Amino acid sequence: MTKQTRTAIIVVAAFVVLIVLLNAFYIVSETNQVIITQFGEPIGGATTTPGLHIKAPFIQKANYFEKRWLEWNGDANEIPTKDKKYIWVDTYARWRISDPLVFFQRVRDERGAQSRIDDIIDGETRNAVANYDLIEIVRSTNREFELTEETEILELAGAIYKIEIGREQIAQIILEKSSGTTPEIGVELKDVKIKRINYVDDVQRKQFDRMISERQRIASKYRSEGEGRSAEIRGQKEKELLRIQSEAYRTAQEIKGKADAEATSIYADAYNRDPEFYQFMKTLEVYRTIMDKETWLLLSTDSEFLKYLKSTNK
Amino acid sequence: MSNGDFPSMEIRLPKIKPGIIKLGILGLVILIVLFSSFYQISPEEMGVILRFGKFVRTTDPGLHLKLPGIEQLMKVPVQRQLKLEFGFRTVKSGITTQYMTNQDTKKEARMLTGDLNVADVEWIVQFKIKDAYNYLFKLRDPDSTFRYMNEAVVRKIVGDNSVDEVITFGRARIAMEAKEELQQLCDLYEIGIEVNQLIFQDVNPPEPVKPSFNEVNESLQEKETKINDAYAEYNQEIPRAQGEAEQMIRAAEGYATERVNNAQGDANRFKAIYLEYARAPLVTRKRLYLEAINEILPKMNKKIIFDENQKNILPLLNLGDEVKK
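Those sequence lines, one after another, are chains H and S. Taking our numbering as reference, the numbering of the first sequence is continuous, increasing by one, and the terminal residue is 486. Taking our numbering as reference, the numbering of the second sequence is continuous, increasing by one, and the terminal residue is 495.
Any given hint might turn out to be false.
If you only want the chain S side, here are some residues facing chain H, beta carbon under 10 Å, derived [what the hints assert, rightly or not]: (1) TYR209; (2) LEU237; (3) PHE307; (4) ASN331; (5) ASP334; (6) PHE339; (7) GLY340; (8) ASN398; (9) LEU458.
Just so you know, these hints were derived from the structure itself, not from any lab. Just so it is clear, the structure is predicted and the values come from calculations on it, not from any experiment. From the three backbone atoms N, C-alpha and C, an ideal C-beta is built for every residue, glycine too.
The task is simple: from the sequences and hints, build the whole structure.
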C-alpha cells in the first residue's frame, strides 16, 4: 500500500465517519417536537426539549412536528338557528399537536389533521347553533341598551328577549364537544371562537326592510313630535294672548269704573246742593243739544214763553 | 506534504509558495467566521438567539457576537408600531391617503348588532410586539391569529349593543371595551402582543338602509323647523298683544283722568253758577231760561204757534211731506 492510497483511505473513512456522526444528531427547535422512527416504526415518546439530540444514525429517522399553537380557520357555514333564521357562521380555533405519536399514527401530517378538525368543529358548530335562537348566538350578556329619545319607541328585539347562555357559552359548548373527539388524533383544541355571523342574503334583505321600517317609525315620530310641539306652542300662545287681553280689559274696566264712581261722587256732591236747580240747568242744556233745524216747535200761546204774545199782564 | 512527489503540479501552477495558499485559505475561513459571528440589531428591533434551535438569549440594539454556525439569529421589530385595518385597506398613504374596499373587506366590516340589526364597522388596531419570545414560539401564525381575534372580539362586543349605540353615541365606549377584551385575549393566548389602540373608523348602516337613516335626520330637522316656526309666531304675537294691552290700559287711564276732570269741571261750574243763582234765584232762572230759548229757537226751521183755545191742530199739519223727505 502506497502512502497516497493510505491517505485516500483515511480521507474517505473520515468523511464516512463525519456523515454517520452528523446523522446521529438532530436538532429540536423551540417551535417543534420530534418523533423518532426506526424503519417507520415509532420509537419512544416525543422529544420536546429544544436543543441537540442523539439518535441511531440512518436506521432511525427524525420526524418533525409543530409544537406551537396552530390556527384553524373554518369556512363559513350556512346554518339555521332554532328560530329558523339562516345565518353564516364563521369560526376559528387554536389547536396543537398534543400527542405527536398518536397524531403521527392517525393523521400523518397537518393537512390530514386540518381536514379532520374541519369535520369535528363544523359538525359541533352546526349542532350548537341549531340548538339555540339567533339572539343567543349574537349576544353575550343581558346588558340593557342605552336608549335615546330616538330608540325608546322601538321595541328592541334584543332588549326584550333575555338570553340564557349567550355567544361565549355556545362557543364553549362547541369547544367542549369538539375537545372530546380531538384527542383521538393527538390534537388538543383551545378557544373555539365565533368569528363572524351574518344573515344569508334572503334573511338579510328582510332584515334591511325591518331596519328601514324602524327608521321610518322614528322619522314619523319626529315629524308628529314636531307637529305636536308646535301645536302646543301655538296653544300656549293662544292662552297667553287671551290672558294678556283679558287682564288688560279687566284692568281697563276697573280703572274706568273707579273713575266713573269718582265722577259720580263729585257730581252728586255738587248737585246735591240744589237738585231742582240742577235739573233745570241740565234740561236747558239738553234742549240746546237736541233741538236743531229739523225740529218743529209747536207752541201754544198759553205757554210761559208766549204768554206775553197775547198779553203784557204780569 | 512534499512538493517533490508531484512534479506535474509545478508545471501547471504559477510559482506560489504553498505557505501563501494555506494562509490565504485560512484568512478566508477566518473572515467568513468573523462575518457570520457579528450581527447588528437596529434600534427598533430585538434579536433572539437560538443555539441548536434552543432559545438562549435576547439582545438589544447594537453590534453583537454569536457563535458561528451554532447560534441562529431571529429579529423581531419590538419597537415598531404596527397597524391592522379591518373593513378597508390603505392603498397609498400620504397627504391624500387612498383607501379601497372590496368584497372581502366588506365582509370584514359587516356584523350583527345586539338588536339583530346589521352594521358595517371599519376599525384599525395599533399594536406592538411586547414579548418577542411569545410572539415567535407560542403560536405559529400570530399575525393571522391576531386578525381573527380582532374580528371575534369586535363582533362579540357589537353583538351586545344596539345598532344605534354602535353607529352613534356608543362608538368610543365599544372601541374601548373591544380594546380591553382584545388585550385580555392576547394575554390568554400568550401571543406577545400589546394592543395600544383600537379605533373605530367609519361605522355605518348597510348601504340599502342608509337612506332611511338619513330620513330620520331630515325628520329631526323638520321637527326643529316646526317648533322654531311656532316659537317665532309666539315671539311675534305675544309682545304685540302685550303692547296692545298696555295701550288699552293707558286709554282707560286717560278716560279716567278725563272723566274725573270733566266731573270736577262740571261740578265746579255748577257750584259757581249756583253760588250766583242762590243770591237771586228767580231772576237768574228767568235769564237762564230766556238765554237758552234765544239760542235754541233760531236754529229751528219750523215754528208753529197756535192759540191755546185751538184744539186738534195736528191733523192740519202736513207732516207726511216732511217725513218723506
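Now for the hints, and whether the structure bears them out:
no.	hint	verdict
1	TYR209	19 Å, violated
2	LEU237	13 Å, violated
3	PHE307	4 Å, holds
4	ASN331	7 Å, holds
5	ASP334	5 Å, holds
6	PHE339	7 Å, holds
7	GLY340	7 Å, holds
8	ASN398	9 Å, holds
9	LEU458	6 Å, holds
Hint compliance for this structure: hints 1, 2 are broken, all remaining hints hold.
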